[in-house]
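Here is what each chain is made of, one letter per residue.
Protein chains: 2
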Amino acid sequence: MKRRSLALATDLYELTMAAAYFCNDIRSIATFELFVRELPQPRRFLLVAGIEQALEYLEEVRFSSEDIDYLRHHPSFSAVPRAFFDYLEEFRFEGDVWAMPEGTVAFANEPIVRVTAPILQAQIVETFLLATVNFQTMIASKAARVVAAARGRPVIEFGSRRAHGSEAAMYAARAAYIGGCIGTSNVEAGLHFGIPTFGTIAHSWVMSFDEELTAFERYMQVFPGTTTLLIDTYDTVEAAKKIVAAGLKPQAVRLDSGDLATLSREVRRVLDAGGLTATRIFASGDLDEYRIAEILAQGAPVDAFGVGTRLSTSADAPNLGGVYKLVEVVADHERKARVKTSPGKLTLPGRKQVWRATAPDGVYVEDWVALAEEEPPIPGAQQLLQPMMAGGRRLGPRQETREIRENALQNLARLPEALRSLEPGPGLPVRITERLLAEQQRVAARWTGR
Amino acid sequence: MKRRSLALATDLYELTMAAAYFCNDIRSIATFELFVRELPQPRRFLLVAGIEQALEYLEEVRFSSEDIDYLRHHPSFSAVPRAFFDYLEEFRFEGDVWAMPEGTVAFANEPIVRVTAPILQAQIVETFLLATVNFQTMIASKAARVVAAARGRPVIEFGSRRAHGSEAAMYAARAAYIGGCIGTSNVEAGLHFGIPTFGTIAHSWVMSFDEELTAFERYMQVFPGTTTLLIDTYDTVEAAKKIVAAGLKPQAVRLDSGDLATLSREVRRVLDAGGLTATRIFASGDLDEYRIAEILAQGAPVDAFGVGTRLSTSADAPNLGGVYKLVEVVADHERKARVKTSPGKLTLPGRKQVWRATAPDGVYVEDWVALAEEEPPIPGAQQLLQPMMAGGRRLGPRQETREIRENALQNLARLPEALRSLEPGPGLPVRITERLLAEQQRVAARWTGR
Chain A
528 MKRRSLALAT
538 DLYELTMAAA
548 YFCNDIRSIA
558 TFELFVRELP
568 QPRRFLLVAG
578 IEQALEYLEE
588 VRFSSEDIDY
598 LRHHPSFSAV
608 PRAFFDYLEE
618 FRFEGDVWAM
628 PEGTVAFANE
638 PIVRVTAPIL
648 QAQIVETFLL
658 ATVNFQTMIA
668 SKAARVVAAA
678 RGRPVIEFGS
688 RRAHGSEAAM
698 YAARAAYIGG
708 CIGTSNVEAG
718 LHFGIPTFGT
728 IAHSWVMSFD
738 EELTAFERYM
748 QVFPGTTTLL
758 IDTYDTVEAA
768 KKIVAAGLKP
778 QAVRLDSGDL
788 ATLSREVRRV
798 LDAGGLTATR
808 IFASGDLDEY
818 RIAEILAQGA
828 PVDAFGVGTR
838 LSTSADAPNL
848 GGVYKLVEVV
858 ADHERKARVK
868 TSPGKLTLPG
878 RKQVWRATAP
888 DGVYVEDWVA
898 LAEEEPPIPG
908 AQQLLQPMMA
918 GGRRLGPRQE
928 TREIRENALQ
938 NLARLPEALR
948 SLEPGPGLPV
958 RITERLLAEQ
968 QRVAARWTGR
Chain B
528 MKRRSLALAT
538 DLYELTMAAA
548 YFCNDIRSIA
558 TFELFVRELP
568 QPRRFLLVAG
578 IEQALEYLEE
588 VRFSSEDIDY
598 LRHHPSFSAV
608 PRAFFDYLEE
618 FRFEGDVWAM
628 PEGTVAFANE
638 PIVRVTAPIL
648 QAQIVETFLL
658 ATVNFQTMIA
668 SKAARVVAAA
678 RGRPVIEFGS
688 RRAHGSEAAM
698 YAARAAYIGG
708 CIGTSNVEAG
718 LHFGIPTFGT
728 IAHSWVMSFD
738 EELTAFERYM
748 QVFPGTTTLL
758 IDTYDTVEAA
768 KKIVAAGLKP
778 QAVRLDSGDL
788 ATLSREVRRV
798 LDAGGLTATR
808 IFASGDLDEY
818 RIAEILAQGA
828 PVDAFGVGTR
838 LSTSADAPNL
848 GGVYKLVEVV
858 ADHERKARVK
868 TSPGKLTLPG
878 RKQVWRATAP
888 DGVYVEDWVA
898 LAEEEPPIPG
908 AQQLLQPMMA
918 GGRRLGPRQE
928 TREIRENALQ
938 NLARLPEALR
948 SLEPGPGLPV
958 RITERLLAEQ
968 QRVAARWTGR
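Chains A and B, in that order, give the protein sequences.
Residue 528 is where the first sequence starts when you use this note's numbering, and the numbers rise one by one after that.
Residue 528 is where the second sequence starts when you use this note's numbering, and the numbers rise one by one after that.
Hints should not be assumed to be uniformly reliable.
One copy or any two copies: either way a pair holds, since identical chains are not told apart in the list.
Pairs of lysine to any residue, SDA-like flavour, derived with a Cα cap of 25 Å [as the list claims (entries may be wrong)]:
1) K769 with H600
2) K863 with T960
3) K768 with G848
4) K776 with S869
5) K872 with V764
6) K863 with E901
7) K769 with W974
8) K776 with R680
9) K872 with Y817
10) K529 with P628
11) K872 with D737
12) K529 with R619
13) K768 with L873
14) K863 with W974
It is worth saying that the hints were derived from the structure and are not from the lab.
The model shown is predicted, which means the values in this text are computed figures rather than measured ones.
Could you build all of it, start to finish, from the sequences and the hints given here?
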């Protein structure tokens with residue numbers, strides 16, 4: 528496969544703008560903030576993920592000689608002087624990064640990542656940061672909904688085959704785990720992130736034998752303790768009867784098609800009547816939070832769920848519109864806040880912090896977006912943006928993915944009940960401090976002349 | 528970033544089944560076919576893409592010692608004998624592959640890829656093949672619709688920041704180009720696939736200057752011939768007036784927000800009145816085929832489109848449900864066709880071929896799915912599945928992505944008019960030969976007892 532070129536994993540304009548900053552000798556220090564303007568319906572919260580991969584990228588991004596050659600021969604760069612390409616050879620990201628730790632619950636208009644760096648550096652990294660944080664945050668947020676719908680029953684992420692390629696499959700597995708899945712079928716995610724991996728058998732295993740029962744027996748000989756038998760290849764209830772009659776004792780059986788609520792009841796009856804009360808029922812097949820809620824509302828005796836396509840592609844909200852906006856430029860020791868005044872896209876100027884107020888029982892009450900230099904707007908509020916990188920170097924140790932997941936689950940448990948439901952509705956109230964609003968008006972007036 | 532482990536870029540059950548085949552000494556030759564059961568609404572055709580990456584993977588897939596160590600210590604494999612792990616060290620894909628060439632138009636129930644290999648090998652590669660072909664085919668199919676809606680105006684893929692991670696961004700760019708985009712903003716795709724890359728400027732460039740006009744002037748000094756100025760940061764029409772007044776002559780201006788039809792007309796008027804009749808208008812901002820059709824129906828003087836998020840995530844149909852089903856097993860010189868009889872999921876048994884019948888004017892009329900050994904069901908029909916790999920080795924030279932795109936455009940032009948429209952409706956008729964239907968009944972009866 529192609530060797531990746533992460534420095535070129537960006538939009539061309541990031542690099543042409545870099546050349547233009549370079550050639551105009553613009554050395555300003557810029558602050559960009561990554562945030563989502565509106566929660567995609569019907570999401571009522573976001574669960575932050577992908578920060579670890581964003582930081583890894585910032586530490587490692589370099590231009591190879593192949594990358595630089597490509598740019599040098601690109602028609603857009605024909606008038607760009609050699610000095611710029613020499614600079615790219617030495618390129619490092621040397622900025623400061625504040626971010627919400629992975630597993631933090633976030634809402635609209637809250638900076639999730641804040642990058643302060645020489646403007647050229649901060650610009651080049653935009654596309655990668657957005658793609659990474661948008662994607663994993665989207666999947667973790669979806670997973671949290673699916674897991675909530677399962678009401679304590681384990682959910683395993685099964686969606687690699689429909690993810691947007693094999694890398695997306697791996698990171699979808701990571702984000703789904705952070706969102707509360709107990710594991711994934713994706714083995715590469717298991718290797719890289721220490722996530723538990725699970726599997727059952729496929730229809731092809733069953734179909735490769737002349738008799739379904741032989742398929743079951745042969746598989747269980749190799750995996751005596753951990754077998755989940757897939758029983759819907761031909762006739763689900765008949766297959767359960769064959770298992771009982773043959774005296775097989777699988778750990779679980781999987782239903783992957785048909786009316787899962789009805790079939791699970793019939794299969795449960797067959798298993799129980801045959802003494803297989805310890806054999807669990809695992810359901811899969813086009814599931815999402817709504818289907819799971821429906822199946823459980825029908826009282827189906829399903830013990831665990833495998834959720835694939837609709838989780839690994841966040842099918843009902845398949846993209847997250849995170850943006851990365853310039854909020855401040857410091858040039859010649861003068862600090863200048865910036866806003867964009869396009870209709871419907873007015874931004875909040877200046878470096879910001881997000882504060883979270885909590886009720887005495889630990890439940891989240893409201894968030895505040897403030898200028899970074901402001902005092903906490905509510906006494907005792909929690910500061911959500913944390914320093915992650917200074918001068919291009921990581922601060923603090925890497926977190927295990929397992930720890931991130933534990934933090935995420937604790938954070939999700941502190942959401943108000945309504946936000947954890949599947950009902951559409953608003954997120955947590957996000958308030959803007961008076962000082963920040965005044966600053967927004969002041970800066971916007973400078974540009975709109977009003 | 529993590530080094531990828533492509534052999535583990537799979538579902539765990541592919542590997543447990545591999546161990547079970549190995550331990551049961553099952554050496555059957557299996558044929559699997561990859562196909563889509565139903566076209567996702569409102570798609571009326573699929574444009575095949577991702578075959579090149581699938582073949583690269585099949586040539587290159589190996590288990591590293593790290594991969595094998597991981598499996599050896601995995602709880603599921605605790606009872607698997609050492610011989611299996613020794614086998615994995617030697618693992619190669621040694622099968623035969625037939626596939627539709629990239630850029631072929633495909634429909635429901637038509638095998639797009641057919642793999643014949645020792646069953647263990649054919650099984651392990653399932654997840655990667657599906658993720659790759661599902662994803663790129665989905666994006667190429669979406670791109671073809673977007674490009675059709677633009678009625679000859681160039682479309683550039685701009686969606687990297689919302690793609691499902693940076694690898695998805697690169698392959699989305701490739702697939703969008705195959706589907707007819709003239710290029711992409713994704714530089715890595717430019718490097719790896721020779722795709723033209725384009726860029727304009729971002730709001731941040733404009734916002735980093737105290738005056739919008741200074742931002743325009745400074746950028747044009749560096750890129751005199753190729754500048755597209757983004758003019759919606761503050762006030763779109765005012766920005767156009769400033770450009771004219773200052774005597775700048777950008778190649779194009781970009782509108783990225785607001786009512787694009789109205790703004791484009793006003794901006795066109797300002798530019799023309801100022802003598803900038805050669806300056807093109809480029810539109811972007813939450814576009815897709817429907818928005819483009821709407822803007823053009825209003826007579827908007829837009830010359831080219833940048834399409835991002837909704838293209839790079841195929842937002843209205845964000846996953847393609849391709850499956851990979853066992854259709855035949857050859858063991859002990861006996862060939863056994865296979866079907867799955869789960870409700871709604873009855874498959875077609877045996878190795879198959881797809882034939883396409885064409886009208887005298889070249890327009891596609893109907894497709895036939897037949898057993899591979901059957902004669903063409905219609906004289907002169909085109910055989911869609913082509914041999915791509917034999918014994919694990921590629922047949923024939925790699926195609927340039929540019930050539931694939933040209934073939935795709937020629938193929939798309941042969942679709943009946945209705946299928947190229949945005950109206951929902953059926954695809955091309957896909958007929959099953961009598962012999963294949965009889966075979967399906969015969970094989971299904973064996974399993975359902977009917």
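Outcome of the hint check:
1. K769 with H600: neither (67 Å within a copy, 33 Å between copies)
2. K863 with T960: within (19 Å within a copy, 72 Å between copies)
3. K768 with G848: Answer is neither; intra-copy 50 Å and inter-copy 31 Å both fail.
4. K776 with S869: between (65 Å within a copy, 23 Å between copies)
5. K872 with V764: This pair counts as between: shortest inter-copy Cα distance 17 Å, intra-copy 56 Å.
6. K863 with E901: within (17 Å within a copy, 74 Å between copies)
7. K769 with W974: Result: close only across copies, 14 Å inter versus 76 Å intra.
8. K776 with R680: Answer is within: at 21 Å inside a copy they meet the 25 Å cutoff, but 63 Å across does not.
9. K872 with Y817: Between copies only: 22 Å across chains, 33 Å inside a chain, cut-off 25 Å.
10. K529 with P628: So K529 and P628 pass the 25 Å test across copies only (20 Å; inside, 32 Å).
11. K872 with D737: Classified as between: cross-chain Cα gap 19 Å, same-chain 63 Å, threshold 25 Å.
12. K529 with R619: Classified as both: same-chain Cα gap 23 Å, cross-chain 19 Å, threshold 25 Å.
13. K768 with L873: between (64 Å within a copy, 22 Å between copies)
14. K863 with W974: This pair counts as within: shortest intra-copy Cα distance 13 Å, inter-copy 74 Å.
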